[in-house]
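> Sequence:
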Amino acid sequence: MIRIICVLFVVVLVSAAPERKPHYDINDAPALFEKFIKDYNRHYKDAADREVHYKAFVNTLKEINKANAGDSATYDINHLSDLTPEEFEKMNGLKIKPNI
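Numbered according to our numbering, the sequence shown spans residues 1020 to 1119.
Everything labelled a hint here was simulated from the structure, so no lab data went into it. Where a beta carbon is used, it is the ideal one built from N, C-alpha and C, also for glycine. A hint or two may mislead.
As the list claims (entries may be wrong) - SDA-like mimics (lysine to any residue), calculated; alpha carbons at most 25 Å apart, straight line:
| id | residue 1 | residue 2 |
| --- | --- | --- |
| 1 | Lys1109 | Asp1065 |
| 2 | Lys1085 | Lys1064 |
| 3 | Lys1109 | Asn1078 |
| 4 | Lys1040 | Ser1091 |
| 5 | Lys1081 | Asp1095 |
| 6 | Lys1085 | His1042 |
| 7 | Lys1074 | Thr1093 |
| 8 | Lys1109 | Glu1070 |
| 9 | Lys1040 | Asp1065 |
| 10 | Lys1085 | Ile1045 |
| 11 | Lys1040 | Lys1109 |
| 12 | Lys1057 | Ser1091 |
| 13 | Lys1081 | Leu1099 |
Claimed, not checked - Distance windows between CB atoms, simulated:
| id | residue 1 | residue 2 | range |
| --- | --- | --- | --- |
| 14 | Thr1103 | Glu1053 | 15 to 25 Å |
| 15 | Gly1089 | Asp1065 | 33 to 43 Å |
| 16 | Thr1093 | Asp1065 | 26 to 36 Å |
| 17 | Phe1107 | Lys1054 | 26 to 36 Å |
| 18 | Val1071 | Ser1091 | 31 to 41 Å |
All chains, full assembly: derive it from the sequences and hints.
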């Protein structure tokens, strides 16, 4: 009986623990981008195109960090993380206001 109570106690503690939201060190962006490319099988036209998407990816990391710091939702890297604002608008028909 005590064993069951202990197991239930552990389950409650684990399920009640706050979810850890990702926070990315921007200094790790090159390695994170390489992992992103591999995970999502990305291919770019040339080095210049790759650099444009790398910069968009870094901006996304910054936005993820900012959003995870204050929002109750959790944000993370996904298949859209390397899109430029123009590509995102074209894909969704949504106009994004730049953060200035």
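> Could you run down the list of hints and mark each one as holding or not?
Verification of the hints:
Between Lys1109 and Asp1065, the direct Cα distance comes to roughly 21 Å. Compliance with the 25 Å bound is thereby established for this hinted pair. Of the supplied pair hints, the one linking Lys1085 and Lys1064 is violated, its CA atoms being roughly 30 Å apart against a limit of 25 Å. Between Lys1109 and Asn1078 the CA atoms are separated by roughly 18 Å; this keeps the pair inside 25 Å, and the hint holds. Restraint check: the Cα-Cα separation between Lys1040 and Ser1091 comes to about 10 Å, which is no more than 25 Å; the hinted pair holds.
With a C-alpha separation of about 11 Å, the suggested pair Lys1081 and Asp1095 falls inside the 25 Å cut-off, and the hint holds. For the proposed pair Lys1085 and His1042, the alpha carbon gap of about 9 Å is at most 25 Å, so the pair holds. In summary, the hint linking Lys1074 to Thr1093 is supported, as the alpha carbons are separated by about 22 Å, within the 25 Å threshold. Annotation: proposed proximity of Lys1109 to Glu1070 holds, straight-line Cα distance about 20 Å (limit 25 Å).
A threshold of 25 Å between alpha carbons decides the hint, and for Lys1040 with Asp1065 the separation of about 34 Å lies outside it, so the pair is violated. About 12 Å separates the Cα atoms of Lys1085 and Ile1045, which keeps this hinted pair within 25 Å; it holds. With a C-alpha separation of about 29 Å, the suggested pair Lys1040 and Lys1109 falls outside the 25 Å cut-off, and the hint is violated. Note on Lys1057 and Ser1091: the hinted pairing is violated, with a Cα-Cα distance of about 29 Å set against a maximum of 25 Å.
Our distance criterion of 25 Å between C-alpha atoms is met by Lys1081 and Leu1099, whose separation comes to about 14 Å. Distance hint check for Thr1103 and Glu1053: the Cβ-Cβ separation is about 19 Å, which falls inside the suggested range of 15 to 25 Å. Distance hint for Gly1089 and Asp1065: a CB-CB separation of about 38 Å, consistent with the stated range 33 to 43 Å. The hint said 26 to 36 Å for the Cβ distance between Thr1093 and Asp1065, and at roughly 35 Å that hint holds.
As the Cβ distance of Phe1107 to Lys1054 is approximately 21 Å, the hint placing it in 26 to 36 Å is violated. Our hint of 31 to 41 Å for Val1071 and Ser1091 holds, since their Cβ atoms are close to 33 Å apart.
Against the hints set out earlier in the document, violations occur for numbers 2, 9, 11, 12, 17.
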